[in-house]
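Asks: Listed below are the residues making up each chain.
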Amino acid sequence: MAQIGLFDIVGPIMVGPSSSHTAGAVRLGLAARKILGKDVEKAKITLHGSFAATYWGHRTNVALIAGLLGMAMDDERIPHAFEVAKEAGLEYAFEFEDLGDVHPNSARIEVEGSGDKLVMAGASIGGGRINIFDVSGYEVGVDGTYTTLLTRHRDEPGVIAEITKVLAIHGINIAFLNVSRKTRGSDALLLAETDDDIPQLAIQHVMRVPGVLTVRTLPRL
Amino acid sequence: MDINSASQLLELMKERDQTFPQVVAEYEAFRSNTSCEAVREQMRETLKVMRASVENGILDRGERTHIITGYGHIFNQAIEEDRVLGGSLLRNVVLYALAVGQHNAGLGRIVACPTAGACGVVPGAMLAVADELGSSEEELIEALLVMGGVGIVSAAQGPISGAEGGCQSECGVASSMAAGAIVYLMGGSGEQVFAAASLALQSHLGLVCDPLASLVEVPCVTRNATSATTAVAAANMAMAGIPAVIPYDECVAAMKQIGKSMPESLRETSKGGLASSPTGRRIYDELRRKHSQ
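Same order as they appear, the protein sequences are chains A and B. Its first residue numbered 1, the first sequence is counted upward by one per residue in our numbering. Its first residue numbered 1, the second sequence is counted upward by one per residue in our numbering.
Honestly, the hints are just simulated from the structure, not real lab data. Ideal Cβ positions, reconstructed from N, Cα and C, are used throughout, including at glycine. Treat the hints with caution; some may be incorrect.
To be verified - Pairwise CB distance ranges, derived in the manner of DEER restraints:
(1) B:Q22 with A:A175: 52 to 58 Å
(2) A:R181 with B:Q18: 24 to 30 Å
(3) B:N236 with A:A93: 36 to 42 Å
(4) B:K271 with A:F96: 19 to 25 Å
(5) A:F94 with B:R281: 23 to 29 Å
(6) A:T183 with B:R282: 50 to 56 Å
Given the sequences, and given the hints that come with them, work out the whole structure.
Replies: Here it is, written out as structure tokens:
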């Protein structure tokens, strides 16, 4: 069993009322913004299960928008997220849908900004912790504890070796590595959780690897 | 270095000839690969947020809460008009805990301790006692480390969420943590810290989590105040020499076992207890109707 952190018990510092319905929701929104890597201009959020049933009580909707605006879970502007979104020109809509056999506190987040689009789905799993289980239709498992590199690439020999080589050259240690694809020879997804931050230069190098289509990162949350 | 139980923590204090807060600071510094100094600094920040949540919570008039209406403010008014019994300590314990609970429910910034639902217990009890004793900031940081130590051994051996263990695992554990901190501020030993923690937890065993309309409002916020009061009583009893009889580790094991035998309807699902009372259901229906419009 992992050792219990002092500040997991005496903390986290957060805006209330609920660590799973409010703080975790802020972090899901923040993760979507960070993976998109740009200001969010348009968002469609689909609430599932317990999120759909009790969002109004714990302001899960407000919390998700706060995250999309770049607020952390202890940001005192969280209650005003809808007003801040208006000023920032962020358009948003909420929908309610059964997302299937997923955690009760789940949401699908579709975001757009500067011509780029991202769809992700994640769950708030308690104590403000999150699990992103879907990025662009690929099954993943990201909790934001590590810096995460996500590449979409052609499912060909050598692409993954080349990507990990670039990380090695930049002195970035991979803690966890996961690859998945939809069908053989189609597009594939690589997910690398690293001990070190991934600098912009390394990201540019990964982009130049033959076969790599898109590169996204999620800095530690 | 590992801390998995109260007995182990007390053993570490002896082995290393260190104080309770020293052991906890070293544990965390080792675990998160940082220095004891950095741990203490982070605790200083945590203390600031706790203080601010008390102050802001007293001003909160309940604009953002669904059922409760500025409980810290209401209680403060009553104190100012001398309409409540008890000396300054008892008054402040209730006031501070209500204020923080209200602030949390109203989307205020708080320290979840150990959870957001129980966030008023530790600041309520510990800060009111610190005001009474005139404790310094350094003493409070030490007391917070002791409180965290009680929390760590609780989490290592039992559930720390209403969904798993009912309210005994939230307000109950918070009350144990607060009782430990108070004993430390009173100059008690490590054994007395855990005696107080045991006495506080014993008074919460079996407590269910049945909040109205799935909110963190009723009965949560007023229960934060009574759990904080229990912490003071438990600390006083332990310091007076009244034994807990059952060691803290065994109290936590009992809490875990009770949590397992608690039906799901009484573990944060709002399907039983107060939530399913006629008034609880009526309030839920009213709120749901209001928000579906």
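Asks: All hints, please: hold or fail.
Replies: Consistency of the hints with the structure:
For the pair Q22 (chain B) and A175 (chain A), the supplied restraint of 52 to 58 Å is violated, since their beta-carbon distance comes to about 31 Å. In this structure, R181 (chain A) and Q18 (chain B) break the distance hint of 24 to 30 Å, their C-beta atoms being roughly 53 Å apart. Range check, N236 (chain B) to A93 (chain A): about 55 Å between beta-carbon atoms, so the 36 to 42 Å window is missed. Separated by about 21 Å at the C-beta atoms, K271 (chain B) and F96 (chain A) satisfy the suggested range of 19 to 25 Å.
Taken as a hint, the range 23 to 29 Å holds for the pair F94 (chain A) and R281 (chain B), whose Cβ atoms sit roughly 26 Å apart. Judged by the Cβ atoms, the range 50 to 56 Å given for T183 (chain A) and R282 (chain B) holds: they are separated by roughly 54 Å.
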